[in-house]
Amino acid sequence: MSKVHVETRINGERMEFLCEPQQSMLDVLRDNLRLTGTKEGCATGDCGACSVLLDGRLVCSCLMLAVESGGHELTTIEGVARGDELHPIQRKFLEHAALQCGICTPGFIVAAKALLDENPNPTEEEIRFYLAGNLCRCTGYDKIIRAVQDAAKTLRGEAA
Amino acid sequence: MQSFAYAAPETVKQALDVLAEHQSAGRRVQVMAGGTDLLVQMRTLDGSPRTIVDIKKLAETNRLDVGASEIYIGAAIPGAELSASKPLAVCLPGLVEAMDLIGSTQIQGRASLGGNLCNASPAGDTIPALVADAGVCVIATPGGQRELPVEQFVVGVGKNALKPGEFLLGIKFKRPAARTGDAYLRFIPRTEMDIAVAGAGVSVTLDAKGVCTAARVAIGAVAPTVILVPGAAKALIGSSLDDKALDAAGAACSAAASPISDKRGTADYRRKVVAVLCKRATKIAAERAKETR
Amino acid sequence: MSEAQDFKYIGRRVVRPDGVDKVTGRANFGADFALPGMLYGKVLRSPHAHARVKKIDVSAAAAMEGVYAIVTGADFPKVGSEEITGGEGAGDFADLATNVMARDKVVYHGHALAAVAAKSNAIVDAALSAIKVEYEVLKPVLDLDTAMADGAPLVNDKLFTAGLKEKPTRPSNVAAYMEFKRGDIDKGFAEAEVVVEGTFRTPTVHQGYIEPHACVATINQGGQATIWCCTQGHFDVRSMTCKVLNLNVADVRVIPSEIGGGFGGKTTIYLEPVAVMLSKKAGRPVKMTMTRDEVFRASGPASATKCTVKIGAKKDGTITSMHAWLAYEAGAYKGSSMAPGAMCIFAPYNVPNFLIQGYDVLVNKPKVAAYRAPGAPQSMYACESVLDDLARQLKMDPLDLRLKNAVSEGSVAAYGPKFNAIGFKQCLEAAKKHPNYKLKLGPNEGRGIAAGFWFNAGMQSSAEVHINENGTVTVVEGSPDIGGSRASMALMASEELGVPYENVRVLVADTESAGYNNVTGGSRVTFATGMAVIQASRDIIAQCKQRAAATWGIEADMVDWKDGQAIPKPGVNADVKPLTLAQIAANAGRTGGPLLGRASLNARGPGPGFSINMADVRVDPETGKVDVLRFTAIQDAGRAIHPSYVEGQMQGGAAQGLGWALNEEYVYDANGVLQNAGFLDYRMPVASDLPMIDTQIIEVPNPNHPYGVRGVGEVPIVAPLAAAANAVRDATGIRIHDLPLSPPRVLAALEARKG
Amino acid sequence: MAKVLFADHLMQYTAGTRELELDGARFRDLVAQLETRFPGISEILIGKVAVAIDGDIIHDPFLEPVGPDSEVYFLHRIEGG
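Protein chains in written order, with our numbering: chain A, 1 to 160; chain B, 1 to 293; chain C, 1 to 755; chain D, 1 to 81.
No lab work stands behind these hints, which were simulated from the structure alone. We treat Cβ as the ideally placed atom computed from N, Cα and C, and that holds for glycine. Any given hint could turn out to be false.
With a straight-line Cα cutoff of 27 Å, these simulated BS3-like cross-link-like pairs (lysine-lysine) come out [what the hints assert, rightly or not]:
(1) C/K167 with D/K48
(2) B/K159 with A/K3
(3) C/K314 with C/K165
(4) B/K57 with A/K3
(5) B/K57 with B/K13
(6) D/K3 with C/K418
(7) B/K283 with C/K754
(8) D/K3 with C/K181
(9) C/K165 with D/K48
(10) C/K432 with C/K404
(11) C/K314 with C/K119
(12) C/K395 with C/K438
(13) C/K438 with C/K187
(14) B/K13 with A/K3
(15) C/K158 with D/K3
(16) C/K187 with C/K105
(17) B/K263 with C/K754
(18) C/K105 with C/K395
(19) B/K263 with C/K281
(20) B/K56 with B/K159
Where chain A lies over chain B, by a calculated footprint (3+ residues, C-beta under 8 Å) [to be verified]:
(21) 42 to 48
(22) 105 to 114
(23) 189 to 199
Estimated spans, in silico, between C-beta atoms of each pair [unchecked claim]:
(24) B/S69 with A/R82: 43 to 53 Å
(25) C/A752 with B/S83: 36 to 46 Å
(26) B/Q23 with C/K158: 54 to 64 Å
(27) D/L63 with C/F160: 29 to 39 Å
(28) B/G210 with C/L629: 32 to 42 Å
(29) A/T154 with D/I46: 57 to 67 Å
(30) C/D669 with B/Q41: 16 to 26 Å
(31) C/F160 with D/R26: 30 to 40 Å
(32) C/D186 with D/I46: 35 to 45 Å
(33) B/S83 with C/D143: 37 to 47 Å
(34) A/R82 with C/P621: 33 to 43 Å
Modelling step: build the complete structure from the supplied sequences, incorporating the hints.
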């Protein structure tokens, strides 16, 4: 099988990789680039565990061919923290105990970042519908929603 | 034996050439826009090698025009972009809602109107709205272009009217007349992330007194293809969309439906619910018609 | 153990020690591990629900470039029949072995019958499709009624019903019968002034953990194997894998990864022995990961059930008699959760006469596994629904009806023993006072309440506490952290030792680095492993007193331990300064060597858990869609070590229970082929389906735990099924007996009433 | 004398006996006496079932102390999810 050479940017870093034309972005992130923070829960776009940002837009990396990333910019969970500092969303997930097993957490945090980047002050309903593509089986979503609300507050510069 | 390949042409001609080459060589080729259906199908149904032609880099498939007389939506534009377009939301809010109902926020980042139409699922959410809004497919052909009304584009379960070597460039609409409104509703057991159990797209035009002068009603997930229901339109036209007219339109939808029972719902349930959706969607479309001038 | 314990650390909502790695993507889960030269393995699964395997031809696949190994049932040792003395549903090792890899017969759609290891997933898939299998397709048995009928086709023609008074003469799909009784139910029903009865069905449902099963295995020529996997119990993975492959326990090391949810579904094995066998043949490490489709088809869901419950009572609500007839699908191998379902169904209530009859029934579906309070949600759904109807007939508040018959300390539980301190009445009283119970409802809205119960488990745990040279603490234990237990362990260690929480770190160690621990299951970890951590910490304190005594030249019994330091008891004349843990640790070398505390135990008296749930719903009369408007969970936690994670258990259980009640179900076609093996059509609740879930923690301390802890993980999923169903009954006036209360079913009931 | 009780499904091993009184300081003493009355039963009672001593359920009991008025209840093992 002839492999394709792809040049892209991931988490601000220029990256090159060889992949098979039919390989998903998720498989390349996890197997080729060993960026395993992005999780696979279904590989059919139904759970959101593989959420990444493509040029700032939220997508499922399992529903994107790796070759399509050529010339684009990807952000994965590994790129959410601000260097040595956790992103406020990550901090709030910890403070609110918004994770139990933690497998869905990277996807939720990437999706929540996309939400708050485009809507700094979402209602509870807006948060719930925006995150409806991210499945969590442990928490019943309650603490996740509260963490996102609190993170939004912090990002708006209001006293949390 | 053929192996997988990926092509991302930058002009319509290049795209047509790739399709033509493969066709003449008898090699498998498949056009991809957002890929949210294609990749799932490759993973779960048929993973056999093919050349994937990505049409996201073409100007014609990315153009969004909301003109004074005509609206054009490029086939590869992702839902997230359509939802962000204010002018489109003013002219065809029902269509935008239908697109927005497809999958999650993540899916909206990739999935396209053209892809949803070409995939030709009986339950495709945009198709009833496209039919109700009298959308016309603009198709790239080796000879140039041809046009086809959406209701004639879908010919069977997963089957569309594209001939080998052709692909969908976009969909165009006449700009809706004054006091015209559209709406699409579907039923799913959850609030998100499901495939429609039944769907109804409605477009109505009212006169100054609120009497319905024109209507198109299309229903989805209740037959092998989305179907236009003239009987439902007939029931609405000439009425002031009172309950009697709405009931008659709903009944026409139930009568026109030929649903199956499967994991997503029973035939009997689909037939009943499609009437409810028709009535509810018509009310929303009527409200919108009153607002537009 | 008094309520008035005042704690410095217990009850604080601290950040979990493993938190940062889990919000940054650093934490390694089952599928995240890789080894150099690693191959990818995948299983070939049966397309039939029931068939004899006549021939498997792997020659074409074996000839493929990049294929390193292929295994079939023929490669696996024969395993003799031996009961797995886990708990309910544990079954038999012989069945476990054939479930892992079929021999001559496949007994459900998705049953493993071969596996391939190759250089890439693409090659693996190609090789799998090149394996030719000849089947003789047999008639499948797909539901309880068919399976229990005379002359039903047999899933296993060598199976005879156990537990019957007279020995059965013919094989049957009924694997076991169980009976619990007290008094005389006929007499009890004769005394009753009102009798209510109903037959209820629940569908096959899946735990729905987001992380698919995954492992990496490697074995050398000496038969020494290492397995990295996501599991609720790595010691059980070791013992089960050794039994299935006939390996020596001393030669197998199992290293648990972080685990992405289990809910009981990761207390057994599927891939591990296959990966080891492939590695043996290939001479390379092999990684296996289930697809979501495989998880649904081939891991262990929870039993579908049919339960008939009959309850008789006096006009004042006093229950005089209860009868339950319970049938549970086990899947294709014996061992459903029928027994605990039968034992807990009437546990919350005092009743002079009852009879509980349970049947464990084989069908051609995957062998069920434990699912959060295994067996309880199904049977208690039936009981709590009938109680709701009874309350209506008596025109009595459903909480009052339950209060009138509720068990309390000293009551004899329906499953036998006397209850010690329990919090059922406290939960009921709290529900009556709860503001949500007084809220007014609108049209098409309804409110339902239901009770939940689970035994909770104790079992074996061990822990070590290491004091580092600067007085910081490392806790080493062997219970995989599935929901924040590291935080609870650290809190308990800091409470005992009097050191800051931030100075305590917790390691979940592998089978060769930690003492033996039973599974993370039965809501036992905070209780049992927590108790081991407390005892190991007390071991450290005893040692510290001796080191201090030695330093001061006084007797150890003259030393006290307070706020993280050794202090001389009053009356010690020498003027000695208190020694902090850090000071003692720094001097450890001079006073006898490193400080290492140890404890291992078999925990007694986990303390049963009770709950009351309240659901408010709205039903769309035109579509039959049920929306959950409000949900309130009240539960006795004994003592909440980390309240946020206790609330999290209550909220998560509520969400799972609501999914079970409203939309989740396995849909099979007539041939037993699963139609909805994916998250798209197996409809678990998404964020927009649910409201915030209100919680109220009741604390009636468990006398058997130093801090009063009782398990909290399983109780939360028990009550939501009936709470939701009773709310729909309240909103519509119609009792729908079968779950899920999906829109087509609810609309059909509404239409039927219209006639 | 400790009171020993059996869940219904275990009475098949005790010739239908539900309840009896036995002397013994530890659980194992009781089992030893039961074995003499019901040969073969210890194999089932040790390792295969759980027991509740004065209401507290315990798996794999053996050396657990038993008081003179303790209630010892043999029942099915519960593990959980």
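Evaluated hints:
Restraint check for C/K167 and D/K48: the C-alpha separation of about 21 Å stays at or below 27 Å, so the hint holds. Simply put, B/K159 and A/K3 have alpha-carbon atoms about 32 Å apart, too far for the 27 Å limit, and the pair is violated. Distance hint between C/K314 and C/K165 is unfulfilled; the C-alpha atoms sit about 33 Å from each other, more than 27 Å. For the given pair, B/K57 sits about 21 Å from A/K3 by alpha-carbon distance, which is consistent with the 27 Å threshold.
The hinted pair formed by B/K57 and B/K13 meets the criterion: a straight-line CA distance of about 12 Å does not exceed 27 Å. Our distance criterion of 27 Å between C-alpha atoms is met by D/K3 and C/K418, whose separation comes to about 12 Å. The straight-line distance between the Cα atoms of B/K283 and C/K754 is roughly 25 Å, inside the 27 Å bound, and the hint therefore holds. For the suggested pair D/K3 and C/K181, the alpha carbons sit about 19 Å apart, so the restraint of at most 27 Å is met.
The suggested pairing of C/K165 with D/K48 holds, with an alpha-carbon distance near 20 Å, which does not exceed 27 Å. Distance restraint check for C/K432 and C/K404: the Cα-Cα separation of roughly 13 Å lies within the 27 Å cut-off, and the hinted pair is therefore satisfied. Note on C/K314 and C/K119: the hinted pairing is violated, with a Cα-Cα distance of about 71 Å set against a maximum of 27 Å. Simply put, C/K395 and C/K438 have alpha-carbon atoms about 17 Å apart, close enough for the 27 Å limit, and the pair holds.
Distance check on the hinted pair: C/K438 and C/K187 sit about 38 Å apart at the alpha-carbon level, beyond 27 Å; violated. This hinted pair checks out: B/K13 and A/K3 have alpha carbons roughly 26 Å apart, not beyond 27 Å. With a C-alpha separation of about 39 Å, the suggested pair C/K158 and D/K3 falls outside the 27 Å cut-off, and the hint is violated. About 49 Å separates the Cα atoms of C/K187 and C/K105, which puts this hinted pair outside 27 Å; it is violated.
Restraint check: the Cα-Cα separation between B/K263 and C/K754 comes to about 26 Å, which is no more than 27 Å; the hinted pair holds. With a C-alpha separation of about 55 Å, the suggested pairing of C/K105 with C/K395 is violated against the 27 Å cut-off. For the given pair, B/K263 sits about 41 Å from C/K281 by alpha-carbon distance, which is inconsistent with the 27 Å threshold. With a C-alpha separation of about 22 Å, the suggested pairing of B/K56 with B/K159 holds against the 27 Å cut-off.
Against chain A, the segment 42 to 48 of chain B contributes 4 residues with a C-beta closer than 8 Å to a partner C-beta. That satisfies the three-residue criterion, and the hint holds. With 5 residues bearing a CB less than 8 Å from a CB of chain A, the segment 105 to 114 of chain B meets the requirement of three and the coverage assertion stands. Counting residues of the segment 189 to 199 of chain B whose beta carbon lies closer than 8 Å to any beta carbon of chain A gives 3, which meets the minimum of three for the stated coverage. Take B/S69 and A/R82: their Cβ atoms lie about 50 Å apart, and the range 43 to 53 Å holds.
The given range of 36 to 46 Å is respected by C/A752 and B/S83, whose C-beta atoms sit roughly 41 Å from each other. For B/Q23 and C/K158, the hinted distance range of 54 to 64 Å is satisfied, since their beta carbons lie about 59 Å from each other. Distance hint for D/L63 and C/F160: a CB-CB separation of about 36 Å, consistent with the stated range 29 to 39 Å. For B/G210 and C/L629, the hinted distance range of 32 to 42 Å is satisfied, since their beta carbons lie about 35 Å from each other.
Between A/T154 and D/I46 the beta carbons are some 58 Å apart, a value that agrees with the proposed interval 57 to 67 Å. Take C/D669 and B/Q41: their Cβ atoms lie about 21 Å apart, and the range 16 to 26 Å holds. Range check, C/F160 to D/R26: Cβ separation about 37 Å, and the 30 to 40 Å hint holds. Checking the proposed 35 to 45 Å range against C/D186 and D/I46 shows it holds: the Cβ atoms sit about 37 Å from each other.
Distance hint check: the CB atoms of B/S83 and C/D143 are about 45 Å apart, consistent with the given range 37 to 47 Å. Roughly 51 Å separates the CB atoms of A/R82 and C/P621, a value that falls outside the hinted 33 to 43 Å.
In the structure shown, a violation is registered for the earlier hints numbered 2, 3, 11, 13, 15, 16, 18, 19 and 34, in ascending order.
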